[in-house]
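Respectively, the protein sequence lines represent chains W and R. All you need for our numbering is the position in the first sequence, starting with 1, plus 71. All you need for our numbering is the position in the second sequence, starting with 1, plus 44.
A couple of the hints might just be wrong.
From the derived model, a few chain W residues whose C-beta atoms are all more than 12 angstroms from chain R [what the hints assert, rightly or not]:
| hint | residue |
| --- | --- |
| 1 | Lys83 |
| 2 | Phe118 |
| 3 | His162 |
| 4 | Pro182 |
| 5 | Ala185 |
| 6 | Arg205 |
| 7 | Thr208 |
| 8 | Glu246 |
| 9 | Pro282 |
| 10 | Met295 |
| 11 | Ser366 |
| 12 | Phe368 |
| 13 | His395 |
| 14 | Tyr396 |
| 15 | Arg420 |
| 16 | Met426 |
Here are some chain W residues pointing at chain R (derived, C-beta under 7 angstroms) [said to hold, decoys possible]:
| hint | residue |
| --- | --- |
| 17 | Pro251 |
| 18 | Met393 |
| 19 | Pro470 |
FYI, nobody ran anything at the bench for these hints, they're computed from the structure. Ideal Cβ placement from N, Cα and C applies to all residues, glycine included.
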Amino acid sequence: MHDYDVFTVESKAEVLDKSREFWNPGKTDFWSETGVDLVIDRRESYFIWDMSGIRLIDVHLNGGTYNLGHRNPEVVEAITTGMRSFDIGNHHFPSSARAALAEALIATAPPGLAKVVYGSGGGEAIDIAIKTARYSTKRRKIVSIIKAYHGHTGLAVATGDDRFSKLFLSDRPEEFIHVPFNDIDAMAAALAPGDAAAVIMETIPATYGFPLPEPGYLEAVKQMCEQHGTLYIADEVQTGLMRTGEMWAITKHGITPDILVTGKGLSGGMYPIAAVLVSEQCAGWLTEDGFAHISSFGGAELGCVAALKTLEICSRPQTRLMCHYIADVIGRGLREIQAAYPDWFVGIRQNGVVMGLEFAHPEGAKYVMRQLYHAGVWAIFSTLDPSVLQYKPGLLMTPELCEELLERTEAGIGRAAVEAKGNRSRSRA
Amino acid sequence: MSTRSRPETTQGPAAAAKPAAAAKPAAPKPGGLPTSSSIYQARQMLQLAHWAAGAFASYDRDSVLRIAEAVAQAAHSNAARYAEWAVRETGFGVVEHKTIKNEACSLGILQRYRDDDLVSPRIDTAAKILALPRPAGVILALAPSTNPVSSVYFKVILALLTRNAVVVSPHPMAKECCADAARLLAATAEQAGAPAGAIQVVDEPTVPLIEALMSDPVTDVIVATGGTAMVRAAHRSGNPALGVGPGNVPVLVDATADLQAAGKMIVESKAFDNSVLCTNESVIVVQEAAAGKLLRELKSHQAVLLDDAARDRLRAYLFPDGRINGEAIGKDAAWIADRAGVRVPARTRVLLAPIDMVADEEPFAHEKLCPVLAVTRAESAEQGIEAARAVVRLGGPGHSAAIHSRDDNVIMRFAAQVPVLRVTVNAGNSLGSSGFSTNLAPSMTLGTGYVGRSSVGENLEPRHLVNWTRVAYNADAAVPFGNFAGVSVWERPAGPVPAYPRASNLPGTQDGRRRAIVAGGAARAWRLRPGARGAPPATMASPARSASSCAR
Chain W
72 MHDYDVFTVE SKAEVLDKSR EFWNPGKTDF WSETGVDLVI DRRESYFIWD
122 MSGIRLIDVH LNGGTYNLGH RNPEVVEAIT TGMRSFDIGN HHFPSSARAA
172 LAEALIATAP PGLAKVVYGS GGGEAIDIAI KTARYSTKRR KIVSIIKAYH
222 GHTGLAVATG DDRFSKLFLS DRPEEFIHVP FNDIDAMAAA LAPGDAAAVI
272 METIPATYGF PLPEPGYLEA VKQMCEQHGT LYIADEVQTG LMRTGEMWAI
322 TKHGITPDIL VTGKGLSGGM YPIAAVLVSE QCAGWLTEDG FAHISSFGGA
372 ELGCVAALKT LEICSRPQTR LMCHYIADVI GRGLREIQAA YPDWFVGIRQ
422 NGVVMGLEFA HPEGAKYVMR QLYHAGVWAI FSTLDPSVLQ YKPGLLMTPE
472 LCEELLERTE AGIGRAAVEA KGNRSRSRA
Chain R
45 MSTRSRPETT QGPAAAAKPA AAAKPAAPKP GGLPTSSSIY QARQMLQLAH
95 WAAGAFASYD RDSVLRIAEA VAQAAHSNAA RYAEWAVRET GFGVVEHKTI
145 KNEACSLGIL QRYRDDDLVS PRIDTAAKIL ALPRPAGVIL ALAPSTNPVS
195 SVYFKVILAL LTRNAVVVSP HPMAKECCAD AARLLAATAE QAGAPAGAIQ
245 VVDEPTVPLI EALMSDPVTD VIVATGGTAM VRAAHRSGNP ALGVGPGNVP
295 VLVDATADLQ AAGKMIVESK AFDNSVLCTN ESVIVVQEAA AGKLLRELKS
345 HQAVLLDDAA RDRLRAYLFP DGRINGEAIG KDAAWIADRA GVRVPARTRV
395 LLAPIDMVAD EEPFAHEKLC PVLAVTRAES AEQGIEAARA VVRLGGPGHS
445 AAIHSRDDNV IMRFAAQVPV LRVTVNAGNS LGSSGFSTNL APSMTLGTGY
495 VGRSSVGENL EPRHLVNWTR VAYNADAAVP FGNFAGVSVW ERPAGPVPAY
545 PRASNLPGTQ DGRRRAIVAG GAARAWRLRP GARGAPPATM ASPARSASSC
595 AR
């Protein structure tokens, strides 16, 4: 029996049954059929344990949510102490915690960003960013890339792949323009009419498998935005908070965005919070009608406490250098593995500890994900390009853990190569 | 030169009094990030040092020497500046003498040890043994208040010569000069190619923080130079520790000594850095027959022999409650005499306090940390050796002693009977036992050995920070030994370590698509070639159904 104090569970089978019955049969069945029968039980550092007791190294990290490890003791301590003074708070009023976090965020941000608007999660934050851009430009159109992913709320979902919008009759093609990634001409054509409020762009599109922006692409997009009076929204939900070896990936391109969105790892994985950083020029609505966007849990004060601590840890010079060491060692280790399986493991997309591993099969990453799971590593395929595995090591990993991760990764990739080849030859037969 | 117990144990914790703030996280406050995380942050320094040590361990000898030379040069160039800063910050010692120590502990140390190759593999064809150096890893270096910057220099350069990473934890009284010096050395080392994070420093040392670092599993070895309490804590920590105890140095002058030379050397040694070194002479034991002339010689070098009344006034001032008066530590003789109400000439270098016997209840027989030297007389050399044994028994077993004599029998008997691990003969002890004016290993850390409850009995030198993996072949002559000449496992780093994380599709970076394998950087020695061992067999369901799921 698993005793979680507030509730108990007899077995993993019971969890799966109840999940099907009361929660989400589609998700539950998907994982069972995929061969990843994971129900996460204990979690600590960069490890998660299935209810069966099997330990996995987590390089999914839910897009950087667990950047600092699961239940990072410093963040836990900050929240535990914070609970003596704070709860979610009353969003109508100024608050010490919200002000402190806003000031800290602006201190880390690219120059020009001046004010912070809070949401309870990344999707809401994207909606806030889009609403802010529309307010500032008095334009409606939002340009994003094909296979973009910015969340599932009302406006955010319309920026992304049809898969998540059409089902809910929430696609809005007349207002949300999608252009191919890394295609400067297509972007130019979309912006040329001068009626776009904003371009929204993940600095490295995560759910699309981390395709890297071609050198100069983002810079050109930003320049075109300036030409046409269009704002640039940097979605740094997955690329921010030191994951590329700098606090915000967009600064590595020398770009000062008009709006920057952060979430996921901002809370240290302990308490949901997201934030939108806006330039003074875009911040007008906060003066005209400060109640124009309301969110009971947006900027929840315990979330602010978690975020302040998380931001402090991410800001440490030691954290930055550890990220560089980890990126260096894992990158070189992966290239060695790649050399052993050149026809299967065909590409590595890497910027810091943001990594996408490309495989020579349209669904190659699903094979690798499953084999890694059996080899003790949890990494997930890219939803919008399942040939690419998202591989996201944490910022605070030790050399020993990196070494173990690479050993297990090589084992999983090798077995997936055999499995995929076997299936290919069977399908030819 | 280990330092004494008293400034560290009596003043250290008081000076370090902010531990509560470190342990208790503050609520977020407007105006910036919370500042409650000093212990976590310090532990993270060790984590980064662990990464740096892994990378450093694969450096070749040329790279190591290039880094050590750059650092020693920078340290030497700033010797006077940090000497002045240390005296200003701590109130201990003499700028001119600290400058000498800083110079000796920078280029001096480098010159002494640069040819001790602790990087390259050693091949012993006759014994059929190949030996590979294995650096300790992460050194936690505690620096004392009395020799602050020279200790930082010394430990950092030893760490660099042996490819170790080092986290310096200065004494709270000397934290600013030590931190600044350590940062200068770190920046210089990195510029010369050392792994980033190989040299770090704790800015705000507190007792709980230092204890946390000492017991942290990432710490590979503690080099503890400090007070007894700190050294004992290092040994208790559960991590390997090279800890050194305090000294209380007797100097025996027998009837055969060159008294003119002895008098000059004792005054100079005692006055050196206002006697804050653990090697400064503490008690003169002079054979009766030589006493008159020795005292005249001492006086001719500005030592003042106090009469009984002045001695008693000085005792009352210096040991108000049986323990040393903190304000006198590291001050000069004239200043101390003035404070004690004893009239002496302004140029006085040493105060000589005659004592009847060496005993626990006589405070002058203990360590004094200032230029006050006890003087006691012995009828014979044998009685003198007994008195010297008593001095060491009061505090300082395993440390050092000095003798001025031309009688080889006496010198040998002295060394056999006084329980110390170094005896300086016919030279001043302060620079003699620390190896700067003798041919002992020049060192700021003097191991006091088993008799002094330490794991090391020698003057600490680079080789103590390295282990060797010995590759031993079958002794049977029929089994051939390998030919390792020209085989190299260490390498020069190709660029900054770690490499800056540039996007992999930028020109000049590794493009996975081209499957390029370039041995960039150096940090791979610690990593085994990945293999599939130990992983479970592949028992797979069929490939995923084509319906995709949400993976974000």
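### Message
Check the structure against each numbered hint from earlier and tell me which ones fail, lowest number first.
### Response
9, 13, 14, 15, 16 and 17
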